[in-house]
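Novice: Here is how the chains run, residue by residue.
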Amino acid sequence: MYTVKHFVPLLLLILSVSTLKGQSCVFTIEGRVLDLHDNTPIFGAIIKIEGSDLFGQSDEQGYYKINSVCFGQARLIVSHISCDPIDRIVTIRSNTKMDFELEHHINELNEIIILEDGLIQVNSSVSESQLNVDQLTRLSNQNLAETLNNISGVSSLKTGSSIAKPMIHGLYGSRVAIIADGMRMQDQEWGADHAPNIDLNGFESVQVVKGAAALKYGGDTVGGMILLSPERINLKDSLYGKTIFNGVDNGKGGSVSTRLTKSFDNGYFISGLLNAKQFGDLQAPDYSLTNTGLKESNIGFRLGRTKILKGWEVNYRRFQNSTGILRSAHIGNIEDLLRALESNSPLRIEPFDYEINSPKQKAIHQNIQANYFNQYSDRAKLTVDYNYQISNRKEYDVRRGNRSSQAAIDLTLKTHDFLGSIQWKKDFKWNFEWGVNAMLQDNFSNPETGVKRLIPDHQKYQAGTFISGNYRPSNNFSWEWGFRFDQIVLNAQKFYDTSNWISRGYNIRYTEFEQKDFGTQILTNPRLNFSNISAQTGFALEIGESVETTFSYMLTQRAPNVSELFSDGLHHSLATIEYGFLGLQKETSQKLILGINKKSEFLGISIDPYLNRVSNFIFIEPSGVELTIRGAFPVWEYQSTEVLMWGMDAYAKINLAKNLKYNINAAYTYAQDILAAEPLISVPPFSLFQQLSYTFPKSELEIEMAHSFTATQSRFPDTNFRVNRIESGVIVQQEVDISTPPDGYHNFDLYFSLPLTKNNLKSTLRLIVQNLTNASYNDYLNRLRFYATEIGRAVQLQLVFNY
Amino acid sequence: MLFASFALTSLFISCDKDEDPELIEEQELITTVVLNITSDGAANQTVRWNMDTNQTPTISLQANQQYQVSISFLDESDPADTEDITEEVKEEADEHQVFYEFSGVTISYSSGQGDVTDSANNPLYLNSIWTASSAGTGTARVYLIHEPTTKTSTSRGGFGGETDVEVDFTVVVSE
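Listed in order, the protein sequences are those of chains S and R. Numbering of the first sequence is given in my numbering, commencing with residue 1 and proceeding in unit increments. Numbering of the second sequence is given in my numbering, commencing with residue 804 and proceeding in unit increments.
Mixed in with the good hints, there may be bad ones.
Simulated coverage check for chain R against chain S, where a stretch passes if three residues somewhere in it have a Cβ under 8 Å from a Cβ of chain S [said to hold, decoys possible]:
1) 824-831
2) 905-916
3) 963-974
Not everything, but these chain R residues come out facing chain S in the computed CB check (under 7 Å) [to be verified]:
4) M854
5) R944
6) G960
7) E978
Please keep in mind that the hints were generated in silico from the structure rather than gathered at the bench. The beta carbon of each residue, even a glycine, is placed where N, CA and C say it ideally should be.
Sequences are here, hints too, so could you generate the full structure?
Specialist: Spelled out as structure tokens, the structure:
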């Protein structure tokens, strides 16, 4: 590869030059030329002294020598046909030894990297699922949780039709980390009814790991991790981009997303992203879902320089949305809830419009990030990441006295997050990574709302360190391990109703937290400390040509989050009063995941059973009734219990014929509250998803039919309560059945995808029909399922331009 | 690096927070429902349902006698500053409705003197006239409904909307 044709003539030249030496020109410069990337010797590099005829040339071992070098300053230029040249000024006073490390031309390295194809696996002992660019593009007008729904073991916890939180193995919220571009998103601690503030169009791939497999990003992800990676920059002089147009009949809306990247062959790049989305009221098969419109606008930019072995980047993302919540889901008391349950359709149906009225949520999430990495040698790499997130969330209720335009919840969460790590490759077999993670967080609840704070003002400090490694003695075996330690300090300033503070015994148990007595309210300053240990170990073993087994054990500890500790207020769509519990302890989970994969040309199968035992599992359960001016309300309080979960995710992919592919996946989760001897609430029922796709050989038109089946959840706790209603002058006691899960359902989707190639650039036209049969159904994991069915048929037209 | 140090500096400034959070007085709170009941030849009755005591007060009526009932909604969370929420209800007459429901006793009611009507001339029943037809003991349930879907109904279900107030009073009707 490094042969140079004029090698022999050059040697002759050097010999002839040496005869011309002057009096002070008696010194030699010698050394080695090595490849910066892998330390291999570079053969045939030329080391030239500018302004003279002196040359040196490296041999097979990378050694070079220049004789007859004169006293004084010399400018050395080291060059090689496939490497970037080095230009260095040196002062020669004696015989000098100098080594050079040459770096390959970036475009050449780029080719090597592209060959590697795809993403680096997060942890080889835990199987993971991925979504590629095409799959993401197809769903570019949907939210993160919906996009992941077709991955086995992943579901979403919804609040209405547009707000969804991803769920892994039945767990969500603080138990699932969303890692965007290497840093964890900080907006998941405010309760169940808001979605992660992220625009998928800013990313190019999604990896889902069903456990705390990457301790680098946190040791408290009992459920798992979702890793979003941005587009990989092309390392040559180019300008490229992508624009996606979506139009959907249901909701009469659509989205436009465009991304433009300029890259230079010296590694510099700049990239920008714009995305706008708007929908009006969505349509269920039998009625319009009043006030379910949505507006979203996102921008982002990246600036940096990447040279494979080292690089830096600064980026900024801003996410803004406004989401309407079904008007009928805003109720006053449990009798209102009972009426909604008894009705076949929402109690308020108005003509279609785009307006988003109260109840609604508004979110603005800004993310500033800077990172730097340097692979100092073949063995050591340093990575430093700093990230600042400002997240503002406002919720608007239907209020009296023109207050509907005034937010009822207005929270601002600011987070500084730092992550630094050193990777060290001891040799071919042993790899280590050590790092530190520090976080400072401040939450401010705006008092102008005129409504008591749902989440109190607080500061959270977290410092952690981790070490992980892997041992790979051969290509068919690897062993992974990792430890992480975190110290968390939570400092909150919270007002309690004095009556509440006393009735819950806090005045005796937490006297030291009391700050100031305001009569009916008391200001307290709870300061809580948690020390968490997490660990992971596992192995991957290949048996024969096509079978791989993986096994992983994960120990995770999670500190209770602020909503679990401090929630305090009325939930307008569930007619419940929710209380946090100050006495909560950290949650400890031990999870075992086994994976069996078989891959062949025609068939791919993977089966992943898992077992998860959680101690001090924090959840919310009904704890009584509180009489208010609106009648009796069920009170739900955060508590902890012992939980056993197990389940299995299975996946199969079959190439039936050359252009005919079939895949199927299924997931089942069992979750039991051991202490109460009853099932856990909101656990996804058995689900199955299958897809059949055919690609026409000539036109490359792809047709795909997808079917999903969600079973009826038969395991659920009884959280029903009773209400006294007056019917024709008589008080009648009635049961409000909020526990019974809805019936299972089938859903069909149809996709057409036609590639349009022009000037080597691939554009795509897609037609997507979701809920093809316009089926009317309710989903157990939708917290607003009592008020309306899921949305009906949606026909979407999509145009993707690459340039 | 410069960028990071700038951000870190701003952090230490923002962390320097010594003052306590502001106390929030709930703006839309209704703590108290007061019924003022008057009738010719009978003593005035003022019955109160208060959030803190949440006892069921008793209304005493005589059968076949007309009573003027005026209802008011108060926020007494700050004892030094009682707010009359009834004013807000009057101002937003179109979005509110008072409704009475009875069990165990038969009481009919109609709009009374000084009652407020909405833009469609529907009475709000802030002032009403009650007449009990026979003796007995039962319950009067008082509702304040926000944004009802209709303003003319004879059952709570018929009105739709959200319940802002729902409290019970014991009613004793004597011959």
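Novice: Now tell me if each hint is right for this structure.
Specialist: Status of the hints after comparison with the structure:
1. Only residues whose beta carbon comes within less than 8 Å of a beta carbon in chain S count, and the region 824-831 of chain R has 8; three or more means the coverage holds.
2. Look at the region 905-916 of chain R against chain S: 4 of its residues bring a Cβ nearer than 8 Å to a Cβ of that chain, three or more, so the hint holds.
3. Counting residues of the region 963-974 of chain R whose C-beta lies closer than 8 Å to any C-beta of chain S gives 8; at least three are required, and the coverage claim holds.
4. Interface restraint check: M854(R) against chain S, minimum CB-CB distance 5 Å, threshold 7 Å, status holds.
5. Hint status for R944(R): holds, given a least beta-carbon distance of 6 Å to chain S, under 7 Å.
6. Because the closest C-beta pair between G960(R) and chain S is about 6 Å apart, less than 7 Å, the hint holds.
7. For E978(R), the shortest C-beta to C-beta distance to chain S is roughly 19 Å, which exceeds 7 Å, and the interface hint is violated.
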